[in-house]
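So you can see what is in the structure, the chains are spelled out below.
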Amino acid sequence: MKSTAAASAPATAGAPGPSGPGRPSGPADTAAPPPRRIRRQLVTSPWLFAAPGLAIVGVFILYPFVSTVINSFTDKRQLIEGKYVGLANFRELLHDDMFWIGLRNSTLYVLVVVPALVVLPLLLALLVQKQIPGITFFRSAFYTPVVASIVVVGLIWVWMLDERGLVNAVLEAVGAGKVGFLSDQWLLLFSAMAVTVWKGLGYYMIIYLAALANVPRELHEAAAVDGAGPIRRFVSVTVPAVRSTMVLVAALSSVAAFKVFSEVYLMAGPTGGPAGEDTTLVMLVQRTGTGLTGRVGYASAISVVIFVVTVALMLLVLRADRKEDK
Amino acid sequence: MPTTAKDPSVSRTDPAESAPRTRTRRRRVTDENGRRMPVWELLLRYALLLVVLALMIGPFLWQLSTSLKGPHENIFSSPPSFLPSDPTLHNYERVADTIPVWDYALNSLKVAAANVFTNCVGAALAGYALARLRYRGRKAATLVFILAMLVPVEGIIIAQFTTMRDLGLNNTLMGVLLPGCVSALNVLLMRNAFLNLPYEVEEAAFVDGANVWQRFFRIALPAVKGTLAVVAIFAFMGAWDDFLWPLIVLSDPDKFTLTIGLNYLHGTFANDERLVAAGTVIAVLPLIVLFACLQRYFFRGVGEGAVKG
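Chains A and B, in that order, give the protein sequences.
Counting from 1, one number per residue, gives the positions in the first sequence under our numbering.
Counting from 1001, one number per residue, gives the positions in the second sequence under our numbering.
No lab work stands behind these hints: they were computed from the structure.
Incorrect hints may have been included.
Simulated coverage check for chain A against chain B, where a stretch passes if three residues somewhere in it have a Cβ under 8 Å from a Cβ of chain B [what the hints assert, rightly or not]:
#1 196-207
#2 281-291
Facing chain A, a subset of chain B residues (Cβ under 8 Å, in silico) [said to hold, decoys possible]:
#3 A1054
#4 I1057
#5 L1061
#6 Q1063
#7 L1064
#8 E1073
#9 P1152
#10 G1155
#11 I1156
#12 V1212
#13 Q1214
#14 G1238
#15 H1266
#16 T1268
#17 A1277
Where a beta carbon is used, it is the ideal one built from N, C-alpha and C, also for glycine.
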């Protein structure tokens, strides 16, 4: 990358312009101010450059976001315009058992999946960090579930955990007896969580690998000389060194976990398992809002709850981080 | 990794090793090439790696094995048989007879290819505008993309669906493509890449009379090829793997993408495990091949995406 830029430099560098030397430039987090002559030329083209992106993001992300919030105060349905109903949708949510089931399941998802995805990929990263023969193969192999579509992953595990599938065949072969992973309400939910963790491990492992590369070796050596064992060193050297990465992983995975849809949809079925007890909030949005009579207003109210919780989760993680700093 | 590495006292599981600890530790620590790993630790590491490997890759192989087992082979045997006794491609023919799986694959390919193109072009242009061009409203434009990145897409699907219906694009591949065709995250990734380029070269080109398009195409764009590759790969993977949005916007079985087709296959023929297995193998194989060829861009994308995300 850099070399390309450098290679083309000599061709043009011979003609120093009035704005050439002495101008502040180079890599910076804040954009270097372009020279005035360039600036003057740029009146129309910037908007031309930015227009496609702005249009797409505006029409298909920001506008739907705003209209979701607005719709949540109406009784709009698919194909039927709605009218303003105030907080009626939110009041109805309070008495809707399915909403509470969804909120419970999505919250449980965060509580189980996030700690697993903060800790396990770190351990995995420690395992693959050392350059031993064949390690790149293992790293790539561990990343494979990330590459696969969630539909593929879901269906693979539906078959693995089937009553007659591989896991039960192994359990039976060792005399443990069959387990109804996909028929019991709670086992289903926890199986789906396990699948989420399985699919996410490789992704967060790569994030941790980058962070671990920046931990100074001297710290470990000093700790070792002081007689600290591996567990002690993990707790007092590695963890503090990658703590900001752990916070990042917690933030990313908690938001993703709260919005879980596909795993549970595929494993428990579109109606959310036995008596809908495995429904998550996003499944509920999808089920309520689509179809010819889809209740857009009510589904939007559930979406607003999702927005609020998502923002709250981010703030919570960031605040926990700041507290630890002191 | 140092934490578990150099100290044989890990070997509480292996008491025979605890004796030489004090004698050898210091020497290993100061070994100039990192430190030499004792044999038992190397073995322990490989053992652990193999266990994890079985957990991560095993399910894929089991699916492949199931898809290759013929109609007369018992796929439910206990203890399970891992290798098909008489491998056959029969199930793949059956998938094609049951659902138009190749049409679905083509639909997925169309959406994914278009998604790569629009994201590369749209994100590069917008990223360049945000990073290099000075104009009134640039900060506001940047903010628009940051806000868009923070919107949880799962929460706005119903409104996206109504928008799409108003545009008459419901139930079309165009409708599948549009909402993600220039993602805010990619725009911000490109912006960062352009910001990290030294400014002098473009400045000199300007002095030589190059206009903004020439500077963009000849100088800036070639210098951010790496990030562009990351954007392309994640755009392809995102479109190929996407499930929730196509599930909502597509209702006509003729228009299904592969993931929606698989869901349909599973919903209708759930009891035919060989068939579903063959379908999933068809869906996952192209991406595994792509990943095998372009690994480093996949890994690089994780780093760049996470920092922004």
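Minimum Cβ distance from B:I1156 to chain A below 8 Å? Holds, about 4 Å.
Next item in the hint list is B:T1268. Is there a CB on chain A closer than 8 Å to its CB? At 13 Å from the nearest chain A Cβ, B:T1268 fails the 8 Å test, so the hint is violated.
Given B:G1155 as an interface hint, is the shortest Cβ-Cβ distance to chain A below 8 Å? holds, 4 Å
Holds or violated: B:Q1063 as interface residue toward chain A, Cβ cutoff 8 Å? holds, 5 Å
Would the hint on B:L1061 be counted as holding, given a Cβ-Cβ threshold of 8 Å to chain A? Violated - the Cβ of B:L1061 stays beyond 8 Å from chain A, reaching only about 10 Å at its closest.
Does B:I1057 hold up as a contact with chain A if the rule is Cβ-Cβ below 8 Å? Given a least distance of 5 Å, the restraint on B:I1057 holds.
Under 8 Å, Cβ to Cβ, is where B:G1238 needs to be relative to chain A, so tell me if that hint holds or is violated. violated, 10 Å
A closest beta-carbon separation below 8 Å is what the hint needs, so does B:P1152 meet it against chain A? Since the shortest Cβ distance to chain A is 5 Å, the answer is holds.
Proposed interface contact between B:V1212 and chain A, which counts if any beta carbon pair is under 8 Å: With a closest approach of 5 Å, the B:V1212 hint holds.
Check whether three or more residues of the stretch 196-207 of chain A sit with their beta carbon closer than 8 Å to a beta carbon of chain B. Holds, because 6 residues of the stretch 196-207 of chain A bring their Cβ atoms closer than 8 Å to Cβ atoms of chain B.
Given a cut of 8 Å on the nearest C-beta pair, is the interface hint for B:L1064 held or broken against chain A? With a minimum Cβ separation of about 10 Å from chain A (threshold 8 Å), the hint on B:L1064 is violated.
Within the stretch 281-291 of chain A, is the number of residues with a Cβ closer than 8 Å to a Cβ of chain B three or more? Holds, because 5 residues of the stretch 281-291 of chain A bring their Cβ atoms closer than 8 Å to Cβ atoms of chain B.
Going down the numbered hints, you'll see the structure goes against 3, 5, 7, 8, 13, 14 and 16, while the others check out.
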